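If you read the sequences in order, they're chains A and B. If you count the first sequence from 1, position 119 lands on 119 in the working numbering, and the numbers rise without skipping. So the number in the working numbering is just where the residue sits in the second sequence, counting from 1, plus 317.
There's no promise every hint is true.
[What the hints assert, rightly or not] Listed below are the simulated EDC-like cross-link pairs for lysine to aspartate or glutamate, each with C-alpha atoms no more than 16 Å apart in a straight line: (1) B:Lys-485 to A:Asp-169; (2) A:Lys-238 to A:Asp-271; (3) A:Lys-238 to A:Glu-279; (4) A:Lys-168 to B:Asp-486; (5) A:Lys-126 to A:Asp-147; (6) B:Lys-537 to B:Asp-588; (7) A:Lys-317 to A:Asp-78; (8) B:Lys-556 to A:Asp-169; (9) A:Lys-213 to A:Glu-235; (10) A:Lys-220 to A:Asp-147; (11) B:Lys-466 to A:Asp-147; (12) A:Lys-50 to A:Asp-90; (13) B:Lys-446 to B:Asp-464; (14) B:Lys-367 to B:Asp-422; (15) A:Lys-149 to B:Asp-464; (16) B:Lys-466 to B:Glu-394; (17) A:Lys-239 to B:Asp-422; (18) B:Lys-367 to B:Glu-377.
No wet-lab data here; the hints were simulated from the structure. Bear in mind the structure is a predicted one, so any value in this text is a computation, not a measurement.
Protein chains: 2
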Amino acid sequence: MYYLGVDLGGMSIKAGLVNEAYEIVATKTIPTGRGKSSKEVLKDMAMLCKDVLTEANLTEADIDSIGIGSPGIASPEDGIILSSSNLNFDHVNVRAEIQKYLSCDVYVENDANCAALGEAIAGAAKGEKNVVVVTLGTGVGGGIINDGKIYRGAFCGAGEVGHQVIVKDGITCGCGRKGCWEQYASATALIRQAQEVTKEHINSKIVSFAGGKIENITAKNVFDAAQAGDHIAAEVLKKYFQYVAMGLTNLINILEPSMIVLGGGMSAQGDYLVKPIKEFVQAEMYGGLSLKTKIRAAELGNPAGIIGAALLGTTIK
Amino acid sequence: MYYLGVDLGGMSIKAGLVNEAYEIVATKTIPTGRGKSSKEVLKDMAMLCKDVLTEANLTEADIDSIGIGSPGIASPEDGIILSSSNLNFDHVNVRAEIQKYLSCDVYVENDANCAALGEAIAGAAKGEKNVVVVTLGTGVGGGIINDGKIYRGAFCGAGEVGHQVIVKDGITCGCGRKGCWEQYASATALIRQAQEVTKEHINSKIVSFAGGKIENITAKNVFDAAQAGDHIAAEVLKKYFQYVAMGLTNLINILEPSMIVLGGGMSAQGDYLVKPIKEFVQAEMYGGLSLKTKIRAAELGNPAGIIGAALLGTTIK
């Protein structure tokens, strides 16, 4: 048996065939196409799925279901995308459209939730019961997996862990609040923090790793500089890790997952990211009790979204 | 069919018989007794349960199960209290002890979780799917109910919603962190906030309602003064409500429950508590979207704990 997963983005549609070992065995990508109607986009998507099957010498009968990860809010059990500003989709019945071309079960889900499900079933949190996947990227996203299923909340919008205020009257966030975790713990925030500090410390290796230009600093530059012994970089990272740990400890006190998985581009830093954060979280544990929740870097990277989408049906049916 | 619920506290043990309409139809209380062993305490509890049954002309055969709410951490499915500093219980097999005297199913659960379950099944959140009960009392406690069952987390310690940091480097909390919500949103915090302000405004009605003594101010005095037109009290409450709303919005963004129930002594204020808080939460909603989560005051008061404990078995079996 195989599973078809689709990553539906504003720029491209990527379909992947996943086997029972949770590996992607075939994949194809097409542009989403600006200005197309939802019907056109979904027809293109159905054809893409057919192409992937044909290339793998399979038919619809060989697949368990198709799962689609999309930005915005989806109602997975109904197969409907309720809203997605990236795609300009408003209450689109994805299942009905796809089933015009392919006779198989179709599910849709928010893309961040799909990525979390992928890590929970097939990645860093394989075998864990309660998992929170926190993505430290442009923003801070999240997905909550409870008993092997996505926890969606009452209106399919749960898991916005980046939008917890941790600094009263802090930095204004895109969501409208002030002091959201996202403003302190995202990769974007780390870059801003490094830029502020290097203005006063222009000789820091952070700046030389960025080709001498403060405006070109990346998150990786800060890690590289710290690993090359730069004290300024180490200080920037220390403060950043403390911010990350604050929000993670909040999540542990509220949800007490068995594991937290840190995703996003920075997860490539592995222990350089996870080890210090774990120590700061331990320091914030209730009454000094020892930290039971495991914290680990994501393992699957970008394919997590396709794998999670592909396996959606197995968690819903 | 009836259900037996027990509220096991450091000072007293209270047993209540609950009918199928979720009403307490008989209740008895005994002192816990200082210095008693766990075996003695549990024998007393079993006898208390027998007494309640006898008085109601019932036998063990008439009850579905016994549920016990206890401070500390319990493993409900095993019937074990893992730790309770209030009771000095350490890995006590409550089920085995009680079943020496009564042949029926026995479950144990943290008392705050029992109270949350009571409100979710029989109180303000009757019929709601995902509920967070937040208790604004001496501290800020919580219980998360998901699909009609208590969400316990991986190690039976979830729901510590009061211990989310909302003010970086804020007031030191009993848990060891700085700036926990509990330090700003508990009844204790409201009293402290009122005391600080009335030092400068000794003519506020808050002080006269407290018998002229700042040190005697209660949370109710602040509400009473505001309702009597005192501007200082209104200002104190406004800031307090904003703190409450900050933590509630964090919980909504993370968990998106269908309803939040506000419990604790202050829930008696009803709309005077709930209405302004709702408005502040609405103002913090993601991108100005309208608030879908209902917010309501608890309805059951103290009996929530016994009713929730009594119904534990129905959510586990």
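Checked hints:
no. : hint                   : verdict
1   : B:Lys-485 to A:Asp-169 : 10 Å, holds
2   : A:Lys-238 to A:Asp-271 : 14 Å, holds
3   : A:Lys-238 to A:Glu-279 : 11 Å, holds
4   : A:Lys-168 to B:Asp-486 : 10 Å, holds
5   : A:Lys-126 to A:Asp-147 : 12 Å, holds
6   : B:Lys-537 to B:Asp-588 : 14 Å, holds
7   : A:Lys-317 to A:Asp-78  : 12 Å, holds
8   : B:Lys-556 to A:Asp-169 : 13 Å, holds
9   : A:Lys-213 to A:Glu-235 : 20 Å, violated
10  : A:Lys-220 to A:Asp-147 : 34 Å, violated
11  : B:Lys-466 to A:Asp-147 : 13 Å, holds
12  : A:Lys-50 to A:Asp-90   : 25 Å, violated
13  : B:Lys-446 to B:Asp-464 : 5 Å, holds
14  : B:Lys-367 to B:Asp-422 : 14 Å, holds
15  : A:Lys-149 to B:Asp-464 : 13 Å, holds
16  : B:Lys-466 to B:Glu-394 : 13 Å, holds
17  : A:Lys-239 to B:Asp-422 : 51 Å, violated
18  : B:Lys-367 to B:Glu-377 : 8 Å, holds
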